[in-house]
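Student: Read off the chains here:
There are 2 protein chains.
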Amino acid sequence: MKKIVAVVGATGAVGVEMIRTLEKRKFPVKTLVPLASERSRGKKIKFRGKTVAVETLSEDDIPRVDIALFSAGAERSRRFAPLFAAKGAVVIDNSSAFRMDPEIPLVVPEVNPHAIARHKGIIANPNCSTIQMVQVLKPLHDVAKIKRIVVSTYQAVSGAGLEAMDELINQTKAVLAKRPIRCKVFPRQIAFNVLPHIDVFEPNGYTKEEMKMVNETHKIMEDYNIAVTATTVRVPVLRGHSESVNVEFERKITPDEAREILRKAPGVVVIDDPAKNKYPLAIDAVNDYRTFVGRIREDFSVAAGLNMWIVSDNLLKGAALNAVQIAERLP
Amino acid sequence: MKKIVAVVGATGAVGVEMIRTLEKRKFPVKTLVPLASERSRGKKIKFRGKTVAVETLSEDDIPRVDIALFSAGAERSRRFAPLFAAKGAVVIDNSSAFRMDPEIPLVVPEVNPHAIARHKGIIANPNCSTIQMVQVLKPLHDVAKIKRIVVSTYQAVSGAGLEAMDELINQTKAVLAKRPIRCKVFPRQIAFNVLPHIDVFEPNGYTKEEMKMVNETHKIMEDYNIAVTATTVRVPVLRGHSESVNVEFERKITPDEAREILRKAPGVVVIDDPAKNKYPLAIDAVNDYRTFVGRIREDFSVAAGLNMWIVSDNLLKGAALNAVQIAERLP
Chain A
1294 MKKIVAVVGA
1304 TGAVGVEMIR
1314 TLEKRKFPVK
1324 TLVPLASERS
1334 RGKKIKFRGK
1344 TVAVETLSED
1354 DIPRVDIALF
1364 SAGAERSRRF
1374 APLFAAKGAV
1384 VIDNSSAFRM
1394 DPEIPLVVPE
1404 VNPHAIARHK
1414 GIIANPNCST
1424 IQMVQVLKPL
1434 HDVAKIKRIV
1444 VSTYQAVSGA
1454 GLEAMDELIN
1464 QTKAVLAKRP
1474 IRCKVFPRQI
1484 AFNVLPHIDV
1494 FEPNGYTKEE
1504 MKMVNETHKI
1514 MEDYNIAVTA
1524 TTVRVPVLRG
1534 HSESVNVEFE
1544 RKITPDEARE
1554 ILRKAPGVVV
1564 IDDPAKNKYP
1574 LAIDAVNDYR
1584 TFVGRIREDF
1594 SVAAGLNMWI
1604 VSDNLLKGAA
1614 LNAVQIAERL
1624 P
Chain B
1294 MKKIVAVVGA
1304 TGAVGVEMIR
1314 TLEKRKFPVK
1324 TLVPLASERS
1334 RGKKIKFRGK
1344 TVAVETLSED
1354 DIPRVDIALF
1364 SAGAERSRRF
1374 APLFAAKGAV
1384 VIDNSSAFRM
1394 DPEIPLVVPE
1404 VNPHAIARHK
1414 GIIANPNCST
1424 IQMVQVLKPL
1434 HDVAKIKRIV
1444 VSTYQAVSGA
1454 GLEAMDELIN
1464 QTKAVLAKRP
1474 IRCKVFPRQI
1484 AFNVLPHIDV
1494 FEPNGYTKEE
1504 MKMVNETHKI
1514 MEDYNIAVTA
1524 TTVRVPVLRG
1534 HSESVNVEFE
1544 RKITPDEARE
1554 ILRKAPGVVV
1564 IDDPAKNKYP
1574 LAIDAVNDYR
1584 TFVGRIREDF
1594 SVAAGLNMWI
1604 VSDNLLKGAA
1614 LNAVQIAERL
1624 P
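Keeping their order, the protein sequence lines are chains A and B.
The first sequence begins at 1294 in this note's numbering and counts up one residue at a time.
The second sequence begins at 1294 in this note's numbering and counts up one residue at a time.
Check each hint, because a few of them may be wrong.
Just so you know, same-sequence chains aren't split out, so a pair can sit in one copy or run between any two.
Cross-link-like lysine to aspartate or glutamate pairs, in silico, EDC-like; alpha carbons within 20 Å at most [to be verified]:
{"no.": "1", "residue 1": "LYS1557", "residue 2": "GLU1495"}
{"no.": "2", "residue 1": "LYS1569", "residue 2": "ASP1492"}
{"no.": "3", "residue 1": "LYS1440", "residue 2": "GLU1495"}
{"no.": "4", "residue 1": "LYS1571", "residue 2": "ASP1492"}
{"no.": "5", "residue 1": "LYS1337", "residue 2": "GLU1553"}
{"no.": "6", "residue 1": "LYS1471", "residue 2": "ASP1459"}
{"no.": "7", "residue 1": "LYS1477", "residue 2": "ASP1577"}
{"no.": "8", "residue 1": "LYS1501", "residue 2": "GLU1591"}
{"no.": "9", "residue 1": "LYS1323", "residue 2": "ASP1459"}
{"no.": "10", "residue 1": "LYS1569", "residue 2": "GLU1495"}
{"no.": "11", "residue 1": "LYS1296", "residue 2": "ASP1435"}
{"no.": "12", "residue 1": "LYS1343", "residue 2": "GLU1621"}
{"no.": "13", "residue 1": "LYS1471", "residue 2": "ASP1577"}
{"no.": "14", "residue 1": "LYS1501", "residue 2": "GLU1331"}
{"no.": "15", "residue 1": "LYS1319", "residue 2": "GLU1553"}
{"no.": "16", "residue 1": "LYS1337", "residue 2": "ASP1566"}
{"no.": "17", "residue 1": "LYS1440", "residue 2": "GLU1543"}
{"no.": "18", "residue 1": "LYS1296", "residue 2": "GLU1316"}
{"no.": "19", "residue 1": "LYS1571", "residue 2": "GLU1495"}
{"no.": "20", "residue 1": "LYS1501", "residue 2": "ASP1566"}
{"no.": "21", "residue 1": "LYS1323", "residue 2": "ASP1516"}
{"no.": "22", "residue 1": "LYS1440", "residue 2": "GLU1591"}
{"no.": "23", "residue 1": "LYS1440", "residue 2": "ASP1577"}
{"no.": "24", "residue 1": "LYS1336", "residue 2": "ASP1577"}
Just so you know, the hints here were simulated from the structure itself, not pulled from any lab data.
Bear in mind that the values here come from a model prediction, so they are computed numbers and not experimental data.
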């Protein structure tokens, strides 16, 4: 059964990857409907060797599609996703708009695929930094039960979109040329610097990005007893999120056991041979569908703990790929 | 009492800062004796407006000095520091050579100044990433007793020396120009990437840098009951180490209490106004003697925990300044 698929936000960093992913994975697309805001009027995209004009998103003209992949920001999702769903589409939404809505499934297909079935027209795609973490942690949780997670992230600028990638490049050139830098996307200089600030701050002192890692982990893992705390940090990397993940378990699990479990985990690759300088790296993860884990070692500071280093392409498994994988599991 | 001061490794990233710091802090230097390896023969340095020739370090010609600041690598320290001490010098050694020797004090002047007195000719200067962390944590430990520390670092390339800074700059230019990159100092690309690898790997899967943070914290804080685990990561930043530090305490301490304590801590500055995008940043810490802490917030995943973000200039408080501060406390 071929499907009419809309991509809302088709010209953005994630939208472009959604379209590429649909094509690369041979998703049964009958017609592709790329949509974007007024700003992208007149733009064209390539799909299966053909040029397709990008249409302008408008409340007066919601197309009737089977699946709508949204990546156009939370505000547009809140406005348009229900309209697409009302016209019969299943919306898979990459924004934070619906993620914590108890009526809406939040899905990582390797972790909680069963949640897809209870959708009522909208399925939420989790935050990039959460997806890669839970994908690795779920199989370990099943075996040794996770008590607590302390995560610090090293997140690429592409998580903030194409403009953010330009900003890193332009600032880098400016610093090298000793010219003044310009900040538009990021509040402070990102070139040759790290920013402990992603998304906006909440009254409790955490950023929204940090609270996403806490709350989304609970919802996707379907276990609200896991204690989670997060510090999310932007680093001058174009693409590929890295994470330093400290995990305390209920029962002891050795690094060897963990590696054996993770070698069998779908979509996960263990790269863990420090003696040969082999560990996951952001630059190696770019354009790869898989999530990489390494530096797995015992945390001697607790009775049963592990440290690990998890890396994935934030635009793929962290966004576009995960959305397409959800679409692949729709009836 | 003016002193004859040798700087061994005078042309390196830390050595240069040691000489600048002696001058800026008006250390009572009678004569400065800059020493370096054969490679630096013929080089000259500036001190108090005068040009001083760099002398070549040689076992046959150990100068008689009052204080010798060493930053020339662990191997040279092991070979030369005892020779300087035998000639009457107090050696303050920035390498890892003597740090864990129970006979040798390991000192952060704000934390354990009393340890200086028991030296027998050599005092060890701790690892950069440890200094800034314990400087902030000690005053909190005194009040609420630390049970456990989980730290992930974001360390600047200058920790690996001047060549490493050149490598980051050169690789960055190469990536921007789409030319192939060269790796000499770092095992893999550092430009637009992060490396979960600093110093060499140990059999337990940790790097030496990570184990330094564990072992040196115990020795400097003089409390072997504090559980510590660390993940140390190199980021494409030239100067200034950032750290995501998660701390579990024995008794509850609020972020406000912690800020109040830290505002009084010597050498520590609290920058913690997220609503105004104010938090410590590596680029702001460069050339500053102080250690900055912010993003202080409750860790809801334990009964009594805090997360914080600690930043300092790795070449100053993390190396040269700390060494000079030790020298300032010698009789």
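Student: Of all the hints given earlier, name the ones this structure violates by number, lowest first.
Tutor: Of the numbered hints, 1, 3, 5, 9, 11, 12, 14, 15, 16, 21, 23, 24 do not hold.
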